[in-house]
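Asks: Listed below are the residues making up each chain.
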Amino acid sequence: MIVRKKDRVVVLGITGKQGTFWSEKMMAYGTDVVAGVNPKRAGETHVGVPIFATTAEAVAKVGGDVAVMFIPPAMAKDAAVSAAEAGIKLLVVLTEHIPAQDVMAMHGAAARHGTRIVGPNTAGLVTPGECFVGIMPAFVPSVFKAGRIGVISRSGSLGTLICLNLTRAGLGQSAFIGIGGDPMLGTTTRDALEALDKDSGTDAVVVVGEIGGGMEEDAATYAKKMTKPIVAFIAGSAAPLGKKMGHAGAIVTGSAGSYASKRQALEAARVTVADTPSEIAGAVFVGLKSSRADNKLVANQ
Amino acid sequence: MNFEEHAAKLLVLSVAGIPTLRGMLCSTAAEAAMAATNIGPCVVKAQVPIGKRGKAGGIKLARTSDEARKAAEQILLMSIGGYTVERLLLEEQAQIAREFYAAVLHDVVARRPLVLFSTEGGMDIEEIAAAKPAAIRRLLLDVDSKPNASDFAGMLKGLDLGPAENQIMQILERLYTAYRKYDGELLEINPLAVLVDGRVIALDCKFVLDDAAIYRQPELAKAGVPGSMTALEQRGAENGLKLIQLDGNVGVLANGAGLTMTTMDVIRHYGGKPANFLEIGGEAYTKSEIALDLVLSNPGVKSLVINFCGAFARTDVMAEGVVRAWHKLAPRVPVFFSIHGTGENEAVALVRNELGIEPYDFMEDAIQAAVKAAQ
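Sequence order for the protein chains is A and B. Take 1 as the starting number for the first sequence in the working numbering and just add one per residue. Take 1 as the starting number for the second sequence in the working numbering and just add one per residue.
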């Protein structure tokens, strides 16, 4: 789920306003957008790339490793299932408010065809200095800079702020993995953490979580085994109980998914949990300086 | 979207062929008395979209028409979990032999539908899970394939359900079909009763419709209970903005759910109290003018934080809306900005030139100043 310059990207819904705007931004930054899909405009060229009627046709004619969806909720399931059937390896689903049973069907199709879904309701993936897929301001130099810190975030806006803070502190990023704000995600915090743990270009990881669900707790069980330092921030400590805070996934009922539960699980896994976003960069510096050997010792115990 | 018991039974269970008791919906004590004459000994049940109605006194037995009238009078004066009781469901009294639990819901970790069944009915599933976890049977299904009768038979194996087993299997199958057909987020029967005469009946029903699927369930959604909203929250909803009014005094305008939540968290961290949650994420970032109007319409607001971090949302577009609203409303509350990301230079210049305000470099500093100003 770390996107690379060599990845051939197909944009579903490329001819719409957002599809057009972001395809141009992606290509200008270095992303290899090879095709667009829109059944009504097949055969045309748009923003310099050929348009096909289906994802399968696009993959057959020009190839495609990654697909990104600029598709409204009611049409998202069919688009995602078609992309999985066409053999797309990585499917980035930006769409928010897809009916939950459609989301389950998307995940089912992805599992059958070996497709990894990122999202739904993600802002996308950025590999600073190389390429990006989605709706992140990769091209704003004050926000993203190439480097060795991996960032995982459920939120696009908060993820942007945190990358900005890292960049201001002189810490560039190896990858930004936006996993999405929905309750049923194709790529979890733990999946992203494993990918960054295995990535030789990443020295430390920042996890930006949110209240609701059990993903941060699950990621904490993996974090225990890691030697790379991890710093986390969990949004939603001031959120009232039982209210959905914008993201469908960010709702606390009873003690499940609470801020306290997540913080406790992460701290028990030796993850530094920051109180405010501006504390993150400092905590990353501390983590990087502390002896690797010590970390390894604890991890082996 | 939540549904009251009578609507869930009529529009979801009955349509799916799951048996319920004979009942009538009433909204006055006189209607209840009349209904009882018709039904005979009955149960008078408050209709509010929330659990624990019995414990709150919202469910009473009545043998005669007169008792039904008295019970109705009492219950119609109640407020349960913040809901004023406006309707009653009168149902015939049943002779219950056993009480079970049945539900279909999303398993968000497996990302598949989950059918639950337990012979320990009548209490909350959380209570059953805590007291007797082994008493809960689970069946994970796949939305793309129709389950077989043998799937349900398998989940009930060894539970010693006697002659009721076939009826229960059929009910579970129909419950799952209804959950799929009506875009359920949760469809629960608790208790599912075996009566002395051998019939299996849904005594209660809870149905939650997936909010994201309302567009394709328009008829059903008309019978749902809209979430309780303040006048200001209602105004937000009419403008396509999700506003949650809180009891604090620091107003919040930020883009994206994550950044908005974090702004609230940092207000708390510095000892202040946020006055609202208001998301202008996704396409809604173009609505900052009306959004600011909403935040400032909250009489509790003593200071304001405007925290933009543009990704998809362009900060220059959001700042233009803020400036327009500011000129129109001319508010007296002190405002503290932090602006970064897409469109940052234009947005900062606009706020500086039009409002004469210098945005803070770090959101923490803007928030700290706003908390201080609100005190």
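It is possible that part of the hints are untrue.
What the hints assert, rightly or not - Restraint ranges, calculated between C-beta atoms of paired labels, are given here:
| id | chain 1 | residue 1 | chain 2 | residue 2 | range |
| --- | --- | --- | --- | --- | --- |
| 1 | A | Gly129 | B | Glu127 | 30 to 40 Å |
| 2 | B | Ala237 | A | Val62 | 13 to 23 Å |
| 3 | B | Gly54 | A | Gly242 | 12 to 22 Å |
| 4 | B | Pro226 | A | Lys61 | 40 to 50 Å |
| 5 | A | Lys61 | B | Lys273 | 57 to 67 Å |
| 6 | B | Met123 | A | Ala169 | 18 to 28 Å |
| 7 | A | Met75 | B | Asn166 | 12 to 22 Å |
| 8 | A | Lys61 | B | Met123 | 55 to 65 Å |
What the hints assert, rightly or not - Cut-off 30 Å, straight-line C-alpha distance, at most; resulting in silico cross-link-like pairs (DSS-like, lysine-lysine):
| id | chain 1 | residue 1 | chain 2 | residue 2 |
| --- | --- | --- | --- | --- |
| 9 | B | Lys206 | A | Lys243 |
| 10 | A | Lys17 | B | Lys287 |
| 11 | A | Lys243 | B | Lys181 |
| 12 | A | Lys145 | A | Lys6 |
| 13 | A | Lys40 | A | Lys6 |
| 14 | A | Lys89 | A | Lys243 |
| 15 | A | Lys244 | B | Lys157 |
To be verified - Coverage of chain B stretches by chain A, computed from C-beta distances (three or more under 8 Å per stretch; other residues unrestricted):
| id | segment |
| --- | --- |
| 16 | 109-119 |
| 17 | 132-145 |
| 18 | 153-166 |
| 19 | 339-345 |
Hints are computed from structural coordinates only; laboratory data are not their basis. Note that beta-carbon positions come from the ideal geometry of N, C-alpha and C, so glycine has one too.
Asks: Run every hint past the structure and note whether it holds.
Replies: Evaluation of the provided hints:
no., hint, in the structure
1, A/Gly129 with B/Glu127: 30 to 40 Å, "54 Å, violated"
2, B/Ala237 with A/Val62: 13 to 23 Å, "44 Å, violated"
3, B/Gly54 with A/Gly242: 12 to 22 Å, "21 Å, holds"
4, B/Pro226 with A/Lys61: 40 to 50 Å, "49 Å, holds"
5, A/Lys61 with B/Lys273: 57 to 67 Å, "58 Å, holds"
6, B/Met123 with A/Ala169: 18 to 28 Å, "53 Å, violated"
7, A/Met75 with B/Asn166: 12 to 22 Å, "41 Å, violated"
8, A/Lys61 with B/Met123: 55 to 65 Å, "60 Å, holds"
9, B/Lys206 with A/Lys243, "19 Å, holds"
10, A/Lys17 with B/Lys287, "18 Å, holds"
11, A/Lys243 with B/Lys181, "26 Å, holds"
12, A/Lys145 with A/Lys6, "20 Å, holds"
13, A/Lys40 with A/Lys6, "29 Å, holds"
14, A/Lys89 with A/Lys243, "36 Å, violated"
15, A/Lys244 with B/Lys157, "38 Å, violated"
16, 109-119, "holds (count 4)"
17, 132-145, "holds (count 3)"
18, 153-166, "violated (count 0)"
19, 339-345, "holds (count 4)"
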